[in-house]
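Chains as they are written, first to last, in our numbering: chain A, 1 to 321; chain B, 1 to 507.
Everything labelled a hint here was simulated from the structure, so no lab data went into it.
Mixed in with the good hints there might be a few duds.
Here are the computed distance ranges between Cβ atoms for each label pair [unchecked claim]:
| # | chain 1 | residue 1 | chain 2 | residue 2 | range |
| --- | --- | --- | --- | --- | --- |
| 1 | A | Leu154 | B | Glu90 | 26 to 32 Å |
| 2 | B | Lys16 | A | Pro208 | 31 to 37 Å |
| 3 | B | Gly275 | A | Gly210 | 33 to 39 Å |
| 4 | B | Gly14 | A | Leu178 | 52 to 58 Å |
| 5 | A | Ala110 | B | Ala335 | 46 to 52 Å |
| 6 | B | Arg130 | A | Ala302 | 47 to 53 Å |
| 7 | A | Leu310 | B | Asp464 | 54 to 60 Å |
| 8 | A | Pro208 | B | Glu398 | 47 to 53 Å |
| 9 | B | Glu90 | A | Pro158 | 57 to 63 Å |
| 10 | B | Glu90 | A | Trp155 | 52 to 58 Å |
| 11 | A | Ala110 | B | Arg107 | 22 to 28 Å |
| 12 | A | Ala110 | B | Arg122 | 46 to 52 Å |
Built from N, CA and C at the ideal position, the CB exists for glycine as well.
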Amino acid sequence: MSPALQRRLPLLATAAVLAALYVTACLSYDNFFSARVAANLFTDNAALGIAAVGMTLVIFSGGIDLSVGAVVGFTSIFVATIVEKHHVHPVLAAAAALAVGTALGAGMGALIHFFRQPAFLITLAGMFLMRGGAFWISTQSAGLTNPLFNRLSLWELPLTDRAALKMSALVLLAFLVLGGLLAHMTRFGRNLLALGGNEQSARLMGLPVGATRVGVYAFSGFCAAFAGLALMLNSGSGNSRDGVALELDAIAVVVIGGTLLSGGRGHMLGTLLGLLIFGVIQSAIRFDGSLDPAWTRIIIGALLLGFILLQRLLLRRLEQR
Amino acid sequence: MTSAPPLLTLRGIGKKFPGVTALDGVDFTVRAGEIHALLGENGAGKSTLIKVLTGVYAADAGTIHLAGQPVRPASPKDAERCGISTVYQEVNLVASLSVAENLCLGRQPGRLGFVNWRALRRHARAALARLGLELDVDAELGSLSVALQQMVAIARALDLSAKLLILDEPTASLDEKEVADLFAIMRRLRGEGLGIVFVTHFLDQVYAVCDRITVLRNGALVGEFATADLPRLALVGKMLGREITAPDHAPVTVATGTNEPTAPVLTARNLSRAGALHPLDLDLHAGEVLGLAGLLGSGRTETARLLFGLDRRDTGELRVKGRPARIRAPRDAIALGLALCSEDRKTEGILTNLSVRENLIIALQARQGATRPLRRAEQEKLCEHYIRTLRIKTPTAETPVKNLSGGNQQKVLLARWLATRPALIILDEPTRGIDIGAKAEIEQLIAQLRADGLAVLFISSELDEVVRNSTRAVVLRERRRVGEFSGDALTAPRLMHAMAGGHQAHG
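Isolated chain A, as found in the complex (with noise of 0.2 Å):
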């Protein structure tokens, strides 16, 4: 096998095993094939994909961001009580909560490069302390009622008479986008995988390691808040419990498509692929009515622990050598 082909294989499992499972789908329930599924799969995902963006990025530098999915909570609640009981303008409730996320996200880098702990356990606080605030503020959902929220949430893309892109999935797209610049385009992408590759020698080559790290999770906040909103416009309410078990989901999205855990070693295009199996599955088993939605968190966990397991087996070839 080329060394080229072998690098780029874990994409291209991803990307076979997403058009066995799109082919199989369609070819087992009647009009899975069509326009409105497609885009219905990235507007159902798009808060999943959004902080997926970021925890890509994240991954790349060797480390993890258990924070995104109390991040979302967050926003969501944070927004929607802003606006609806305190009348602020919308467009600075949202400002804010992505500077919210933000901050986070960089105070969190910030402590784990200079005191050199473990993301794992960092992020683990941040996720807590979201999370925390988010029940803080309210135990109940909020319904909203703000008309630039309610234009914004009913407004859609149409693509065929029958399918349409919801502005969340317009988002999700130009996330990926801006992910893909990001991490395969500039200096900043190049040095996440320098670092998560070998920290060590990064620092000997004079990259800006601290500069990078913190960056990188402050990106990863900025996400979350924006899969925050993302989620509130879909759902129409803001709640604090949305984003439960999220960045898990993400971290499984990316895995799948193909990014090394530990760092080094990934590509944005895998985490399109990656989510676009996810809600393949969810949608399936939707139209298959019949068998029980936890079916998608199995199929996944087996997908997932599939590609740990060709990525060791890819990363001792490359290590023989």
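Since the structure of chain A is already known, use the hints to place chain B on it.
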């Protein structure tokens, strides 16, 4: 003698660490367009000097001039800015990224933080072309051989408009062909007027490629020599700090034990590991101390590690007491009655926070298995026995080992293995870093072990120690067995000749 102005001048460099003077008034001069070997045994101060040059340590005393300008590198990056680039034995690149990226990380062409991939590939190809390398710049670095990765690291170092290139043991894991390729590149760069500092353990390589040699010993300068004027044996003498005497008139200092022709306790045939040891044969009999001599990097420790199953052997057959032995991990070796006191007592031996008793029983307990714990009374009896017989100076058996002196820590380590009643014990530099009194006691102990019928493999970098303690000695050079001496032939000058190797024609 060239009259070229010196590129790099170090004068009176001093560096003290708590309790140790690592460098004491060292002068070091490298001219443009020369390859300069920096040599010395363990503790000579080579790595400290290099760390001063690359800005890892700040010197306490002395001056550094590069191309006539005084410099004082504060960090590796700062040193690179001054024009001093370093390539280490460990390739400090990112294996999961492409060759091109590794060459350009941190200084990619492009604007506003965006990377211009086409310019980057072009730049990478140009950097490789300077070394005469043709590589696929899109290949993942980790898919290349270590030698090629090393050359990519050199290409990256040169990219920083380096004036001085430091190669710190770059050949340690390369095969002969790869070394030759590396030398071709070094000569090419010398031709371009670069100054190259070359650190290596291999004397053949020094004579193959270096113009000058600077020898350090115990943190002090021994001297600077033109390679052509310094025969190999004289060089080894300077590294070891010994006068050269004719080998055949040396006094015989060893009392030879009677060596009955018994079946060997351990037989190794064709033992080898790529990058560590060329195929080696070794026999060890009960009641003998086999000395293993050689310069740093000659393969002594590697041999010990292979025998004990710490590293996997590529080829070779081991027999213990005549029976084929499957030694694939230290547990196998221990089960067969082997023991290893490693060279690096602090990180590979003693558990500093545990007590003397706990350190002492751990190997025996591991051998018995967790289901059969040693009774406390039994443990205490063992401790008492070894503290008395080895004269371990400790207040009680419950004292943490870190409170003991180096020599006593070494004795605890020895006791740990003796408690397992081994048939063979490998002692890798057992006397390093301990005071003279303790050394004498350890040596006495080795004699006692031999008298008790153990087979001892004794590794030491001090020739006199090897001669004094061994009944037989094997000399390694550049990872090969080059000689065996016993009886009257076992003398320091003979060992030194074998260690230096090469041909007297150099002299």
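Hint check:
The hinted range of 26 to 32 Å is not satisfied by leucine 154 of chain A and glutamate 90 of chain B, whose Cβ atoms lie roughly 59 Å apart. Remark: the range hint 31 to 37 Å for lysine 16 of chain B to proline 208 of chain A is upheld by a beta-carbon distance near 33 Å. In this structure the supplied range 33 to 39 Å holds for glycine 275 of chain B paired with glycine 210 of chain A, their Cβ-Cβ distance being about 36 Å. Evaluation of the 52 to 58 Å hint for glycine 14 of chain B and leucine 178 of chain A yields a pass: the beta carbon distance comes to about 54 Å.
For the pair alanine 110 of chain A and alanine 335 of chain B, the supplied restraint of 46 to 52 Å holds, since their beta-carbon distance comes to about 51 Å. At about 51 Å, the beta-carbon gap between arginine 130 of chain B and alanine 302 of chain A stays in the expected band of 47 to 53 Å. Checking the proposed 54 to 60 Å range against leucine 310 of chain A and aspartate 464 of chain B shows it holds: the Cβ atoms sit about 58 Å from each other. In this structure, proline 208 of chain A and glutamate 398 of chain B meet the distance hint of 47 to 53 Å, their C-beta atoms being roughly 50 Å apart.
A hinted range of 57 to 63 Å holds for the C-beta pair glutamate 90 of chain B and proline 158 of chain A, which are about 58 Å apart. As the Cβ distance of glutamate 90 of chain B to tryptophan 155 of chain A is approximately 56 Å, the hint placing it in 52 to 58 Å holds. Checked against the hint of 22 to 28 Å, the pair alanine 110 of chain A and arginine 107 of chain B passes, with Cβ atoms roughly 26 Å apart. Evaluation of the 46 to 52 Å hint for alanine 110 of chain A and arginine 122 of chain B yields a failure: the beta carbon distance comes to about 37 Å.
Violated hints, in rising order: 1, 12; the structure is consistent with all others.
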